[in-house]
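S.K.: Residue numbers (my numbering), protein chains in the order written: chain L, 331 to 602; chain S, 2 to 105.
Simulated from the structure, these hints should not be mistaken for lab results.
It is possible that some hints are incorrect.
[To be verified] The calculated BS3-like cross-link candidates involving lysine-lysine, where the alpha carbons are at most 30 Å apart (straight line), are: (1) L:K377 - S:K18; (2) S:K7 - L:K362; (3) S:K18 - L:K362; (4) S:K18 - L:K454.
[Unchecked claim] Label pairs and their in silico Cβ distance ranges: (5) L:V483 - S:D28: 49 to 59 Å; (6) L:G598 - S:S77: 22 to 32 Å; (7) S:L62 - L:E480: 38 to 48 Å; (8) S:L34 - L:G598: 47 to 57 Å; (9) L:V483 - S:K69: 56 to 66 Å.
Beta carbons are placed, not taken as given, at the ideal position from N, Cα and C, and that holds for glycine.
What follows is the residue order along each chain.
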Amino acid sequence: MSRKPPKNISIFDRVEELLSEEESFALVTVVKGPPVGEKIIVFPEQKGGVDFEGTLGNSELDRVVTRDARGELESGRSGVRNYGEFGEAREETVQVFVESFIQPPQLLIVGAVDFTAALVRIGKVLGYRIIVCDAREIFATTQRFPLADEIVVEWPNKLIEKIGQTFGPRDAVCILTHDAKFDVPAIVAALATDVGYIGVMGSRKTHEDRINRLHEVGVTEEEMSRLRSPIGLDIGARTPEETAISIVAEIIALRTGRSSTSLSETKGPIHD
Amino acid sequence: MKEIVKDIRNWQKQNKKIAIARVIDLDGSGPRLPGAAMAVTEEGEVAGSVSGGCVEGAVVLEALEVIKNNQRHIVSFGYSDQEAFSVGLTCGGTVHLFIEPLDW
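In isolation and in its complexed conformation, chain L is listed as follows (with noise of 0.2 Å):
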């Protein structure tokens, strides 16, 4: 396991530091046990790269702690983990806490529209990075989504294929086209990816007609029941800012598994 001696700077400089490149790092703090308040800044497993940095006394303590905190970091996780004083299991001698600092999640919007405007403002006060993809070089304009991450001029599908690699469960695709030219082909590449959320704007009577080229172009019922389409939960929006917030709300809901009715109308616990 390779460890790098800390930086001539003070840990909180180093979290700020990677914070700024964007980087994923677990940063570890014992809370409880004799070397209470030792810190670790842990990496993702990779190739030939450094494991951690600091110590929190002991490498075999930095060893265990390191593997664990990879795990977390993984899933983006945050919590504690007990531990004995050389990283023994079962036992409580040492109790730390893995911060987990990932990546925001991607929101990837096809469709340059009215809607796509209203989504990335939303989708940014909820800390995704937000990409537009659109084919229409006058429409898919900076001056139009000021907030987007980055906006790319480019067949959808295209970029999908490109990009499509780095989504996983946390990211969206919002199909905003509507347009059988743009969404189906665009569908079909966001289906041979990971990601969590695939929404698919249109009416009802375009989600049939859609269903039916899907069909066409060899799309199986199973992947069809990955589509979230038409998009977005069922209340009523009728702006692009209210329908927005019904997309969200659908992504939110989706990942956490939840009913997405009234509270008031439920019962059981509010927070998993």
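Could you slot chain S onto chain L? The hints should help.
M.R.: Chain S alone, transformed into the frame defined by chain L:
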């Protein structure tokens, strides 16, 4: 912690003593997840939050103590601990915080 780094930086430039409180664990229901953080200066300035406003006041007092005596430790606030603590989460959960001076 990300959202309070900027404020902390400004305070550091003014040589203020700072404590950081982080949510490290929850029992039952809680409004903020582990990682939620709050920074407090010796003058009682505050950045960030660790609950829905239920325990922030008490955390400021704890943080000022930590700045004074330099002792980092875990503090827990829970509904069931009402006799031990004057505040708790109204939602019924217990929140565990680690409060430490920013000497790192």
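S.K.: Holds or violated: 49 to 59 Å for the Cβ distance of V483 (chain L) and D28 (chain S)?
M.R.: holds, 51 Å
S.K.: Holds or violated: the 56 to 66 Å window for the beta-carbon distance between V483 (chain L) and K69 (chain S)?
M.R.: holds, 58 Å
S.K.: For the pair supplied as a hint, K377 (chain L) and K18 (chain S), confirm whether the alpha-carbon distance does not exceed 30 Å.
M.R.: violated, 40 Å
S.K.: Is the distance from the Cβ of G598 (chain L) to the Cβ of S77 (chain S) consistent with 22 to 32 Å?
M.R.: holds, 24 Å
S.K.: Going straight from one Cα to the other, do K18 (chain S) and K454 (chain L) come out at no more than 30 Å?
M.R.: violated, 33 Å
S.K.: Hey, K7 (chain S) versus K362 (chain L), does the alpha-carbon distance stay inside 30 Å?
M.R.: holds, 28 Å
S.K.: Does the structure keep K18 (chain S) and K362 (chain L) at a Cα separation of 30 Å or less?
M.R.: holds, 23 Å
S.K.: Range first: 47 to 57 Å. Now tell me if the beta carbons of L34 (chain S) and G598 (chain L) are that far apart.
M.R.: violated, 19 Å
S.K.: Determine whether the Cβ-Cβ distance between L62 (chain S) and E480 (chain L) falls within the hinted range of 38 to 48 Å.
M.R.: For E480 (chain L) against L62 (chain S), whose Cβ atoms are near 45 Å apart, the range 38 to 48 Å holds.
Hint violations for this structure: numbers 1, 4 and 8, all remaining hints satisfied.
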